[in-house]
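S.K.: Listed below, chain by chain, are the residues.
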Amino acid sequence: MKSKESIFKSKLTWAVIAELLILVIAGILEPSFFKIEYNQTTGMLYGSIIDIINRSAEITIIAMGMTMVIALGGTDISVGALVAVAGAFALKFLRWDVTVYPTPGDYTVYPFILVIVVPLIICTLMGLFNGVLIGKFKLQPIIATLILMVAGRGIAQIATNGKQFTTGYTPFRFIGQGSMLGLPFPIIITIVVCAVVMIFVRKTAFGTFVESVGINPNASRVTGLKSDKIIMIVYTLTGFLSGIAGLIYSSRISSCDSNNAGLNYEMDAILAVVLGGTSMTGGKFSLTGTIVGSIIIRTITTLVYYFGITSESIMAFKAAIILVVIVIQSEPVGKWLATRNARKQKAGELHG
Amino acid sequence: MDKKKSNRFINFITNPKYLMVLATIGIFLAIYIFGAVVYGNKGFTKLRTFAMLFVDNAYIGISAVGMTMVLITGGIDLSVAAVASLTGMFIAYGTTILNIHPFVCMAFAIVVAIALGLAMGAMVTYLKIPPFVATLTGMFLARGVCSLISRDSISIDNDLIDKLAGWKIYFMKLNDAGEWVKIKPVAYINLNVVMFIVMILIGTYILQKTRFGRNVYAVGGNEQSARLMGLPVDRTKMMVYGFNGLCSALAGIAYSLYVKSGWNLALQGGELDVISAAVIGGVLLSGGVGYMVGTFFGVLLKAVIPALITFNGTLSSWWGKIITGALVLLFVALQQIVMTSSGRKKKGPKKKET
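In order, the protein sequence lines correspond to chains W and E.
If you're matching positions, the first sequence starts at -15 in my numbering and goes up one per residue.
If you're matching positions, the second sequence starts at 49 in my numbering and goes up one per residue.
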């Protein structure tokens, strides 16, 4: 048990070391990378580091849910589509009478609370739909979430009649563009979400239940855990978190884009989880690791932009990184490392 | 005698192995007849409409042949669309900018695709990495390389490619004067459709008639038992991913003949079209069950929905996505029911969980 703990620990340490290494490279190549300025007029901190954390908000929030989905041995590939759905419904409720105000501005038809709550409810229900298919009907996670991944963008398009709505409504724009305590508001949302999820998972038995179901669903059922309920809760939570990410995303761009909102988010979220040291085969998971993983992804993306490399070729960099990580995580390599460590320890004991 | 025959027929229909394929064919026919009744006067029943179903979806079908095999082994391949896009990029960049002979570009693309497929197969087989993650890496890699070659869409400017893309077989009929004339409205099939049909036939042959095909089913049915039986599990899995690489490259060639350009973001999300076509065609994602005929009709079924929406004219084209999603749901639900009920009937330890 103890050796497992240390491996688990070292995975998180590796992630942190990787992040620091990338930052050091960035700092050497571009000393102004770490500069943080305080803007008096907007009352906000500016700088690459702040920007990285700010921009990683959506992936971090989704990856919180994804961590537990993966810990259960599943995957949720519908999150990107749910981001689009949340944006589309939020903007749908932010419509105004075009004949009265011809240009986008600070007005809304429905009360603001509806604009926030309805998309979140819809996303939560979609998450529940995934959860019921996987938990109750025992469908394969990939295929169950594939349904909403395909249909979700269609629903988002139909909600907005295939148009790209824009909005100038200040409270809504505040979600993605505003600031509080000198920090961009998405960072505040991320901190709150992460704190709530972590307290829920680690201060109650829920996290242990998830790990147990992920390691052996049958054994967990026999010991009296309601596996299907736990699976449903986790997928519902992921749907809800995708909804929050969708609101942040659409608020950032003050509009909705059903085609491109959340595109490849499922891949980024999975990557963040894997980088954070949670194994794709399920079982133990680390939420802190996931946060670091998400920040690593964003740091690399920012760096790539910063040094003027074409944005689409980020994919190749990401591929290289995942390749290294999954090869290290893979079973045969893990076994090889374990035997080597054991041999070293033995040798140490003999000599010591 | 008669009763025996009808019994055999009922057994054939209710056999879970064939039920899914029959359901796909049935639903396709139902939708097609529905279209014929409602939009018959607009020309839905014309041969042209039917031929266009093939012409517009041939590249998905070609890729679905390889995907069917991967899914039968219990794996999944997310890289197909990215590899197809990379193939298109190789052809566009090679022929138009570097002035290389198109066949050389195609051969190069095929070699690269097969190598990538084998590499992903090795990751799945020997490093025991889940297929989802291994092929996700392949997808990122292919898309990244695509973008490194060019960020902009390159339109192909090559006589041979034009010739290949323009090659068509027209459906003819005898007119009153005894001459062969093109039927109206003009209906044709092109090289892509020929490739699609040939690949489906090759796929069927491999799966049903060769030792390799038997191994594919055995590995998907139960990898452990296949290994204990002494079947070459590792080699089979590698070859399946390699074959899928070949199919992706051929799909990329078909796509570049279809749109005559290479673009780094082409076919984004195409892998899901291919997977859902196979699933609608009755291929079981947990492995071991699936037929090429099913995939063939799965592709057609996926193709006929947008056609119907186009004929309707008032519905948003996005309904196509929602209906596809609903169809996938219907089929996985059906699979689940069929599998659990057949497992119950046998009462044996045959029920497998993957």
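Wrong hints could be hidden among the right ones.
Stated by the list, open to error - Taking CB as the label site, the calculated pair distances span:
#1 W:200 with E:388: 48 to 54 Å
#2 E:91 with W:146: 22 to 28 Å
#3 W:291 with E:95: 53 to 59 Å
#4 E:95 with W:145: 55 to 61 Å
#5 W:-3 with E:273: 38 to 44 Å
#6 W:176 with E:242: 39 to 45 Å
#7 W:105 with E:91: 41 to 47 Å
#8 E:245 with W:9: 51 to 57 Å
#9 W:95 with E:381: 58 to 64 Å
#10 W:184 with E:159: 35 to 41 Å
To be verified - So these bits of chain W aren't anywhere near chain E, every CB distance computed over 12 Å:
#11 15
#12 57
#13 105
#14 109
#15 134
#16 301
It should be emphasised that the hints constitute simulated quantities derived from the structure, not laboratory data.
Backbone N, C-alpha and C define an ideal beta-carbon position, used for all residues, glycine too.
S.K.: Hint by hint, say whether it matches the structure.
M.R.: Here is what the structure says about each hint:
1. Judged by the Cβ atoms, the range 48 to 54 Å given for residue 200 of chain W and residue 388 of chain E is violated: they are separated by roughly 21 Å.
2. Residue 91 of chain E and residue 146 of chain W have their C-beta atoms about 26 Å apart, which keeps the hinted 22 to 28 Å range intact.
3. Under the hint 53 to 59 Å, the C-beta atoms of residue 291 of chain W and residue 95 of chain E, about 56 Å apart, fit the expected range.
4. The hinted window of 55 to 61 Å between residue 95 of chain E and residue 145 of chain W is violated, with their beta carbons roughly 35 Å apart.
5. The beta-carbon spacing between residue -3 of chain W and residue 273 of chain E, approximately 41 Å, falls within the hinted interval of 38 to 44 Å.
6. Taking 39 to 45 Å as the suggested C-beta distance range, the pair residue 176 of chain W and residue 242 of chain E does not conform, at roughly 59 Å.
7. Distance hint check: the CB atoms of residue 105 of chain W and residue 91 of chain E are about 44 Å apart, consistent with the given range 41 to 47 Å.
8. A hinted range of 51 to 57 Å holds for the C-beta pair residue 245 of chain E and residue 9 of chain W, which are about 53 Å apart.
9. Evaluation of the 58 to 64 Å hint for residue 95 of chain W and residue 381 of chain E yields a failure: the beta carbon distance comes to about 39 Å.
10. Distance hint for residue 184 of chain W and residue 159 of chain E: a CB-CB separation of about 51 Å, inconsistent with the stated range 35 to 41 Å.
11. Every beta carbon of chain E lies more than 12 Å from that of residue 15 of chain W, the smallest distance being close to 28 Å; the non-interface claim holds.
12. With a closest Cβ-Cβ approach of about 10 Å to chain E, residue 57 of chain W is found to fall inside the 12 Å limit, against its non-interface label.
13. Taking the minimum C-beta to C-beta distance to chain E, about 19 Å, the non-interface status of residue 105 of chain W holds against the 12 Å cut.
14. Annotated as non-interface, residue 109 of chain W keeps its C-beta farther than 12 Å from every C-beta of chain E; the closest such distance is 15 Å.
15. For residue 134 of chain W, the condition that its CB be more than 12 Å from all CB atoms of chain E is violated, with the nearest at approximately 4 Å.
16. For residue 301 of chain W, the non-interface assignment is contradicted: its Cβ lies about 7 Å from the closest Cβ of chain E, within the 12 Å cut-off.
Going through the hint list in order, the structure does not satisfy hints 1, 4, 6, 9, 10, 12, 15 and 16.
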